[in-house]
Amino acid sequence: MPVKIRLQRHGKKGKPFYWVVAADARAKRDGKFLEKLGIYNPNTNPATIELDVDSSVKWLQNGAQPTDTAKAILSYRGVLLKHHLLGGVRKGALTEEQAEEKFNTWVSEKEQAIADKVGGLDKVKADARAAALKAEKEVNDKRAADAAAAALPEVAEGENAEAEVEAVEAAGEPEQVVETPEAPAAEEDKA
60 MPVKIRLQRH
70 GKKGKPFYWV
80 VAADARAKRD
90 GKFLEKLGIY
100 NPNTNPATIE
110 LDVDSSVKWL
120 QNGAQPTDTA
130 KAILSYRGVL
140 LKHHLLGGVR
150 KGALTEEQAE
160 EKFNTWVSEK
170 EQAIADKVGG
180 LDKVKADARA
190 AALKAEKEVN
200 DKRAADAAAA
210 ALPEVAEGEN
220 AEAEVEAVEA
230 AGEPEQVVET
240 PEAPAAEEDK
250 A
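If you read the sequence shown in my numbering, its first letter stands for residue 60, the second for the next number, and so on.
Hint data in this document are derived by calculation from the structure and do not stem from the laboratory. Just so you know, even glycine gets a beta-carbon here, dropped at the ideal spot from N, CA and C. Any given hint could turn out to be false.
Said to hold, decoys possible - Pair by pair, the computed Cβ-Cβ distance ranges are:
1. A152 - A191: 27 to 33 Å
2. A185 - E156: 29 to 35 Å
3. G90 - W165: 31 to 37 Å
4. G146 - A106: 39 to 45 Å
5. I173 - R68: 34 to 40 Å
6. A185 - R68: 33 to 39 Å
7. G90 - A131: 19 to 25 Å
8. A190 - N104: 18 to 24 Å
9. E109 - E197: 41 to 47 Å
10. T128 - D205: 36 to 42 Å
11. G73 - E160: 21 to 27 Å
12. A152 - N121: 18 to 24 Å
13. E109 - A190: 32 to 38 Å
14. A203 - K95: 41 to 47 Å
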């Protein structure tokens with residue numbers, strides 16, 4: 060019986076959720092399977108992948124062939140690396156302790172890379188939120204200034220005449236005194 064390690068689709072339309080399963084190659088895609096090895100959720104960023112590494116390695120050692128997508132997932136989680144290292148142990152190139160040490164080192168580096176990616180995504184999200192808040196504050200300040208300008212009472216032309224006169228005097232223009240010739244002539248008539 061040829062065994063494949065493949066994805067089995069679950070979830071609703073537009074929101075796929077996959078089980079990673081070991082199944083008979085002749086079985087339907089979402090049909091009968093031999094063992095559930097883990098889950099894969101591409102809807103999250105980064106994608107959520109949970110695998111039983113030891114069961115996956117056992118199936119690979121027994122001759123199960125992963126599909127292309129399943130192979131990428133197994134590689135991402137280090138299953139193929141562990142399978143490779145155990146092959147080296149069988150051949151005598153490594154001891155089990157060395158293989159486990161190499162695998163654990165790789166896993167810790169991979170987890171750090173994933174944590175860095177999540178941290179970077181959180182930073183980008185926070186920066187976008189801060190930029191949106193700044194833009195919103197600018198719009199609100201502009202609206203408040205427009206509302207304040209519209210609320211000022213309009214001044215008629217004659218009401219501000221005294222202020223205009225004071226402004227002209229402050230500008231340094233000397234006042235012109237106009238003498239009227241009629242005033243002295245009126246005094247002479249009385250005499």
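Checked hints:
1. A152 - A191: 27 to 33 Å: The hint (27 to 33 Å, Cβ to Cβ) is violated, given that A152 and A191 are roughly 56 Å apart.
2. A185 - E156: 29 to 35 Å: The hinted range 29 to 35 Å is violated for A185 and E156, with Cβ atoms some 43 Å apart.
3. G90 - W165: 31 to 37 Å: This hint holds: roughly 34 Å between Cβ atoms.
4. G146 - A106: 39 to 45 Å: Hint violated: Cβ distance 28 Å, outside 39 to 45 Å.
5. I173 - R68: 34 to 40 Å: At roughly 24 Å between Cβ atoms, R68 and I173 fall outside 34 to 40 Å, so the hint is violated.
6. A185 - R68: 33 to 39 Å: holds (34 Å)
7. G90 - A131: 19 to 25 Å: Between G90 and A131, where Cβ atoms are some 23 Å apart, the hint holds.
8. A190 - N104: 18 to 24 Å: Distance hint for A190, N104 holds at roughly 20 Å.
9. E109 - E197: 41 to 47 Å: Since the Cβ atoms of E109 and E197 sit about 45 Å apart, the hinted range of 41 to 47 Å holds.
10. T128 - D205: 36 to 42 Å: violated (56 Å)
11. G73 - E160: 21 to 27 Å: violated (43 Å)
12. A152 - N121: 18 to 24 Å: holds (22 Å)
13. E109 - A190: 32 to 38 Å: For E109 and A190 the Cβ distance comes to about 35 Å; the hint holds.
14. A203 - K95: 41 to 47 Å: violated (59 Å)
Comparing the model with each earlier hint shows violations of hints 1, 2, 4, 5, 10, 11, 14; every other hint is respected.
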